[in-house]
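Peer 1: Each chain is listed here by its residues.
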Amino acid sequence: MAFLEINDVQKQFAQTTAVDTFNLQVERGEFVSFLGPSGCGKTTTLRMIAGFELPTSGRIVINGNDVTHKPPNQRNVGMVFQSYALFPNMTVADNIGFGLKVAKKPAAEIKQRVEEMLKLIHLSALGNRYPYQLSGGQQQRIALARALAIKPQVLLLDEPLSALDAKIRVSLRNEIRAIQRQLGITTIYVTHDQEEALSLSDRIVVMSEGRIEQIGTPFEIYNFPLTPFVASFVGTLNVLSATVTNAGSGLLQIEGQPIRAARPIESARDGETVSIALRPEIISMNGASAGEANRLQGKVEDVSFLGSIVRIRVRFENDFIHLDTFNNPHLSLPQIGQPITVTFPREAVLVLSRAASAA
Amino acid sequence: MAQLATVEKFTAPVTPPATRQFSLAWLGVVPFFAFAIAFMLFPAGSLLVGSFQNAEGAFTLENIAGLFDESIRNSYWLSIQISLVTAVGGGIFGFLLAYAVTLGGLPKFIRSGLMTFSGVASNFAGVPLAFAFIATLGRVGLVTALLKQLFGFNIYDHGFNLYNFWGLSVTYMYFQFPLMVLIITPALDGLRREWREASEILGANSWQYWRYIALPILLPSLLGTMILLFGNAFGAFATAFALTGGQLQLITLKIGAQIRGDVLHNPGLGYALALGMVVIMAISLIGYSWLQRKSEKWLR
Amino acid sequence: MSKSSPWAWFWIGLGVLYFFVPLFATLEFSLKAQKGFYSLTAYQVALTDPGFVRTFTFSLTMAAATVLVGFLLIVPTAYWVQLRLPRLRPIVELLTLLPFVVPGIVLAFGLIKLYGHPPFSFTESELSTNGLLISGYVVLALPYMYRAVDTGLRAIDVRTLTEAAQSLGASWPTILFRIIFPNLRVALLSGTFLTFAIVIGEFTLATFLNRPAFGPYMNLVGDKTYIPEALAIITFALTWASMGLIQFFSRGTPGQGPLAGTR
Numbered sequence: 001m002a003f004l005e006i007n008d009v010q011k012q013f014a015q016t017t018a019v020d021t022f023n024l025q026v027e028r029g030e031f032v033s034f035l036g037p038s039g040c041g042k043t044t045t046l047r048m049i050a051g052f053e054l055p056t057s058g059r060i061v062i063n064g065n066d067v068t069h070k071p072p073n074q075r076n077v078g079m080v081f082q083s084y085a086l087f088p089n090m091t092v093a094d095n096i097g098f099g100l101k102v103a104k105k106p107a108a109e110i111k112q113r114v115e116e117m118l119k120l121i122h123l124s125a126l127g128n129r130y131p132y133q134l135s136g137g138q139q140q141r142i143a144l145a146r147a148l149a150i151k152p153q154v155l156l157l158d159e160p161l162s163a164l165d166a167k168i169r170v171s172l173r174n175e176i177r178a179i180q181r182q183l184g185i186t187t188i189y190v191t192h193d194q195e196e197a198l199s200l201s202d203r204i205v206v207m208s209e210g211r212i213e214q215i216g217t218p219f220e221i222y223n224f225p226l227t228p229f230v231a232s233f234v235g236t237l238n239v240l241s242a243t244v245t246n247a248g249s250g251l252l253q254i255e256g257q258p259i260r261a262a263r264p265i266e267s268a269r270d271g272e273t274v275s276i277a278l279r280p281e282i283i284s285m286n287g288a289s290a291g292e293a294n295r296l297q298g299k300v301e302d303v304s305f306l307g308s309i310v311r312i313r314v315r316f317e318n319d320f321i322h323l324d325t326f327n328n329p330h331l332s333l334p335q336i337g338q339p340i341t342v343t344f345p346r347e348a349v350l351v352l353s354r355a356a357s358a359a
Numbered sequence: 360m361a362q363l364a365t366v367e368k369f370t371a372p373v374t375p376p377a378t379r380q381f382s383l384a385w386l387g388v389v390p391f392f393a394f395a396i397a398f399m400l401f402p403a404g405s406l407l408v409g410s411f412q413n414a415e416g417a418f419t420l421e422n423i424a425g426l427f428d429e430s431i432r433n434s435y436w437l438s439i440q441i442s443l444v445t446a447v448g449g450g451i452f453g454f455l456l457a458y459a460v461t462l463g464g465l466p467k468f469i470r471s472g473l474m475t476f477s478g479v480a481s482n483f484a485g486v487p488l489a490f491a492f493i494a495t496l497g498r499v500g501l502v503t504a505l506l507k508q509l510f511g512f513n514i515y516d517h518g519f520n521l522y523n524f525w526g527l528s529v530t531y532m533y534f535q536f537p538l539m540v541l542i543i544t545p546a547l548d549g550l551r552r553e554w555r556e557a558s559e560i561l562g563a564n565s566w567q568y569w570r571y572i573a574l575p576i577l578l579p580s581l582l583g584t585m586i587l588l589f590g591n592a593f594g595a596f597a598t599a600f601a602l603t604g605g606q607l608q609l610i611t612l613k614i615g616a617q618i619r620g621d622v623l624h625n626p627g628l629g630y631a632l633a634l635g636m637v638v639i640m641a642i643s644l645i646g647y648s649w650l651q652r653k654s655e656k657w658l659r
Numbered sequence: 660m661s662k663s664s665p666w667a668w669f670w671i672g673l674g675v676l677y678f679f680v681p682l683f684a685t686l687e688f689s690l691k692a693q694k695g696f697y698s699l700t701a702y703q704v705a706l707t708d709p710g711f712v713r714t715f716t717f718s719l720t721m722a723a724a725t726v727l728v729g730f731l732l733i734v735p736t737a738y739w740v741q742l743r744l745p746r747l748r749p750i751v752e753l754l755t756l757l758p759f760v761v762p763g764i765v766l767a768f769g770l771i772k773l774y775g776h777p778p779f780s781f782t783e784s785e786l787s788t789n790g791l792l793i794s795g796y797v798v799l800a801l802p803y804m805y806r807a808v809d810t811g812l813r814a815i816d817v818r819t820l821t822e823a824a825q826s827l828g829a830s831w832p833t834i835l836f837r838i839i840f841p842n843l844r845v846a847l848l849s850g851t852f853l854t855f856a857i858v859i860g861e862f863t864l865a866t867f868l869n870r871p872a873f874g875p876y877m878n879l880v881g882d883k884t885y886i887p888e889a890l891a892i893i894t895f896a897l898t899w900a901s902m903g904l905i906q907f908f909s910r911g912t913p914g915q916g917p918l919a920g921t922r
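So the protein sequences, as listed, match chains A, B and C.
Last residue of the first sequence: 359 in my numbering, with the numbers rising by one and none dropped.
Last residue of the second sequence: 659 in my numbering, with the numbers rising by one and none dropped.
Last residue of the third sequence: 922 in my numbering, with the numbers rising by one and none dropped.
Calculated from the structure, these hints are not laboratory results.
You can take every hint at face value.
Stretches of chain A that chain B covers, calculated by requiring three or more beta carbons in the stretch to come under 8 Å of a beta carbon on chain B:
#1 46-57
#2 66-80
#3 91-104
C-beta atoms are modelled at their ideal positions from N, C-alpha and C, and glycine is treated no differently.
All chains, please: the whole structure from these sequences, using the hints.
Peer 2: Encoded structure:
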């Protein structure tokens with residue numbers, strides 16, 4: 001039995017379904033991210049775990065206890081909000097100690113725990129400051145300490161970094177991960193930033209329009225997306241439509257040009273149209289690589305210089321792909337309008353299980 | 360001399376064109392400052408000077424000492440009492456109304472209705488307000504008559520009188536609590552949902568949330584607004600005059616009588632009375648702005 | 660959270676009673692001028708009284724003059740402070756807050772003691788007394804007018820507008836009267852109605868300066884029956900109209916709430 005179980009949870013607001021049959025088992029100590037665009041239901045799910053929203057149906061079980069109908073203040077769950085939500089009338093130390101204070105813990109114990117927490121987030125000197133005297137990054141670390149001070153069973157983080165500057169975002173991200181590992185606390189992390197999700201998580205739940213699109217490790221999610229949505233939301237995948245010519249041997253056609261996938265196609269039969277995904281970094285131009293590679297002929301439509309890489313848009317008749325190549329001073333960039341042959345290995349052809357709708 | 364030298368050194372780098380532009384820019388605000396000096400600072404200055412002058416124009420502290428005469432002390436005290444009662448009473452009632460429309464989960468139209476009424480009622484004061492309360496709670500007022508008819512209860516036999524302390528307080532409340540509603544509603548809006556949620560998830564119940572978080576956060580605004588209400592009642596003249604006809608010995612009514620004719624038999628004492636009011640109002644305004652700044656810092 | 664609590668209804672109910680019972684009582688009383696049935700007689704008598712017409716017109720004129728003088732003083736100042744002299748802001752704001760510290764009765768006292776005697780003796784002639792009254796009203800209205808104009812100016816980004824006008828070759832009067840004033844429409848209207856609400860029934864200053872204004876007139880007819888109640892209802896309606904117009908014009912403009920008053 002998993003530590004945190006979310007079974008068939010559904011949430012209906014007036015007319016719309018915010019979350020549709022959500023199922024997830026989280027192991028003790030696991031770090032799971034909910035990733036998706038705004039309005040995909042990730043925050044609603046998190047708020048149901050916290051107890052701020054009541055599921056329309058389904059059960060939420062933490063450590064064997066059904067908490068579905070318990071109020072938030074009896075769940076022993078920690079939460080960090082996007083807007084920090086520090087109590088402005090209290091010092092940093094009082095903020096961190098608040099959960100213990102309302103639990104009527106002895107003052108000495110609170111003091112000791114607060115010091116411990118301040119040390120954990122490396123802000124020991126700031127115990128007597130007020131929130132308005134601190135930077136956003138500091139405030140969010142305090143909020144994290146406050147959530148952890150009550151030794152919660154589960155830690156919930158609702159887009160904790162999105163109000164911060166890019167630089168602090170990265171450093172705080174690493175700190176969150178380090179603290180999570182150190183304490184071994186079961187964590188749910190809500191974000192719309194794929195980079196955050198990929199770098200932090202043990203597993204990622206990709207969501208769209210209230211539904212789970214895919215659950216997997218960052219490696220799986222990035223390299224083997226199951227749906228066009230995951231493919232396009234995580235990384236910058238090229239999604240092309242292709243016609244299956246021989247499913248058994250993985251043969252397809254893209255605008256009349258034949259390519260071959262490494263594995264047989266199971267999700268479609270001959271003559272059907274499927275979506276395939278290609279990572280930009282795996283495609284090369286004019287590659288005279290092994291004879292096994294796929295080749296496609298097109299025209300250079302655009303060349304954009306992105307610093308460490310150069311991104312080239314190659315146009316076929318109706319579709320186009322982006323390919324990335326590392327920048328180096330000796331590179332001779334192709335001219336716009338020039339014909340080009342792009343190559344990619346068979347393993348790179350990802351056939352997506354659901355066809356892209358109206359692509 | 361040393362001071363002058365530093366000032367000179369400090370201003371020395373200013374180049375001629377900049378100086379010219381500077382003086383031109385000043386021209387735009389001259390009318391305003393002239394007005395402020397003529398009709399605000401100059402009269403205020405004359406109050407100050409007059410308070411320390413006797414009838415012959417010589418310096419004296421007698422006027423200030425006169426403020427501590429029993430009748431004048433009583434007048435100040437009466438004004439302060441009525442201001443305190445209506446500020447606290449109106450403040451609490453206004454707060455409860457604002458709470459009801461912001462966090463009480465009432466339909467939206469009730470909030471906009473309350474805000475409109477508060478805007479009107481907080482501006483409905485003076486002579487017509489006195490008339491309205493005479494028609495309501497006067498000896499033949501509607502409510503007085505209804506209570507007599509329905510319950511055989513004559514409030515005038517039980518110590519109530521519209522023309523004394525409590526009657527005036529009830530009347531003042533009509534503009535006091537709407538003012539509280541207008542000022543405190545935005546502060547209640549400023550209570551962020553996340554604070555409540557954060558306290559809940561940390562294990563606090565509703566009472567603990569209000570005790571440790573919401574009330575402390577609102578306290579500066581609450582106190583500050585009550586101070587404003589205090590000043591609002593303290594300086595009120597027209598309502599009290601129209602209602603009690605100058606019988607109640609409020610400090611404003613006393614100053615009014617002093618303007619009409621030298622009822623205190625000491626023109627200088629009138630200045631001191633006015634100065635005393637300004638001092639009390641200034642203290643309350645300073646208190647208000649101090650509390651306001653504190654709460655702004657928190658609610659940012 | 661979205662459940663409405665019974666207490667909320669209770670307090671609102673009490674508030675509604677406090678608001679409406681005096682109004683209803685006054686209205687009911689004002690309609691009883693004829694024995695046995697309700698009539699508008701009291702209103703007819705009140706509105707046709709030459710004293711009413713005279714004093715009301717006088718107060719209207721004073722209000723209009725107050726608005727005019729007030730804005731001519733405040734708009735250029737607020738504009739200049741925003742654009743050129745930000746370092747003056749604390750002083751100007753302090754000055755505009757000063758009237759809060761000076762109750763109407765103290766203002767009346769100060770003005771009369773200072774300007775009612777030699778060497779000024781403004782109260783000798785009617786014209787200069789009116790001038791004194793208007794000045795007093797401008798002082799009373801100053802905090803509200805300034806606040807309305809200042810928030811209005813902040814909202815429209817004066818600097819950019821001015822620079823844009825200058826780059827097109829506009830002169831200073833053109834900028835002020837064709838660019839700034841029109842863009843401050845909402846602020847100016849709010850300030851105007853608020854000033855009207857303050858000045859129309861103002862009692863203290865008008866009484867002590869002995870001017871034939873509407874406030875003292877109301878007090879004068881206070882010992883009649885039915886007429887005062889009718890006048891109270893009329894004043895309430897006027898206040899409501901002013902506040903309603905402010906709300907109407909300032910929809911969606913934050914910081915232009917109706918907050919003012921003479922007690």
